[in-house]
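Trainee: The C-terminal residue of the sequence shown carries number 867 in the numbering used here, and the numbering is unbroken.
No lab work stands behind these hints, which were simulated from the structure alone. Among the clues, some could well be false.
[Stated by the list, open to error] Pair by pair, the computed Cβ-Cβ distance ranges are:
#1 Lys859 with Ser803: 45 to 53 Å
#2 Lys775 with Leu836: 23 to 31 Å
#3 Glu827 with Gly858: 16 to 24 Å
#4 Ala821 with Gly858: 47 to 55 Å
#5 Val681 with Lys859: 19 to 27 Å
#6 Thr825 with Gly858: 43 to 51 Å
#7 Ser668 with Lys806: 43 to 51 Å
#8 Gly812 with Val776: 46 to 54 Å
#9 Leu836 with Ile689: 50 to 58 Å
#10 Gln773 with Ser823: 46 to 54 Å
#11 Ser803 with Glu827: 26 to 34 Å
#12 Phe800 with Pro696: 27 to 35 Å
[Said to hold, decoys possible] Straight-line C-alpha distance at most 27 Å; calculated DSS-like pairs for lysine-lysine:
#13 Lys775 with Lys855
#14 Lys859 with Lys775
#15 Lys775 with Lys726
#16 Lys775 with Lys669
#17 Lys729 with Lys669
#18 Lys859 with Lys726
#19 Lys775 with Lys674
#20 Lys674 with Lys855
#21 Lys859 with Lys674
#22 Lys674 with Lys729
Just so it is clear, CB atoms sit at the ideal spot from N, CA and C, and this is done for glycine as well.
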Amino acid sequence: MKSKFLNLKEFVLDIVLSCLMIGIGYLIMLPFAANMQLLYFLEPGLIGLVNGIVYVLMIRKCPKIGTQFIIAALYGTYMLIMGSAYAALYFYILAIVNELIVLGGGYQSKVRPAVPHILMWCLNAMGSTLNLFLFRESYVKIYMDLGMDETTAMSAVSQTAEFWCAPQNILLSLGVTAVLCVGGYLLGVKMLGKHFNPAGVV
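Based on the provided sequences and hints, a complete structural model is requested.
Mentor: Okay, structure coming up:
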C-alpha cells in the first residue's frame, strides 16, 4: 500500500528543491533591493513565476503529506536566519494552512495544488505590510535604537507605512503576484508534459 507520507528519499528531495526555490528567490530579489516600488510590486511575482516550475516538479514527484509544510517552513526558517522573526512566524502558520488545503486528494485536483504556491508568494509580498499593521511600535523602537528621537522615528515609520499599507498598493502587489504565480504554475505544468515526462524526470 502506498504511503500518504513522505519517505526518506522524498523528504530529502523536498528539502533540496525547497532550498533551490529559496536560492532562486534570493537571486531574483537582489536587483530589486534598492527600489522599493519594484520590490513591492514585481519581485514576489517574478519569484513565483520562476519557482512555479520547481514547485510543479516537486508536487508531482512528492504529492504527499509533508511537502507543503516543508516548502513554507523552510522559507520561514530562512526568514528567521535573515532576522525577520515575525515573517518566519507567518510562514510557519502558512505551512500548516497549505497542508490543510491539499489534504483529502488535493493533489489530484486541477486547481487546489496551485493555491499553496499562490499563497506562498503573496505572503512574501505582504510580509512588511503585515509587520507595519501589527507591530509598528517595534519599527519605531528599531529606529530609536539607531539613534533617532521618538518623534523622528515615528515620522519615518509613518512615511514607510504610507507606501506599504496603502490599499491600492496592497491590491496591486497581490494582484500582480497572484497572476505571475498562476503563470508560473501553468508554465510548470506545460514543461512537465513537454519536457519532464519525456525525459523520465517524473
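Trainee: Which constraints among the numbered hints does this structure fail? Numbers only, ascending.
Mentor: 3, 9 and 11
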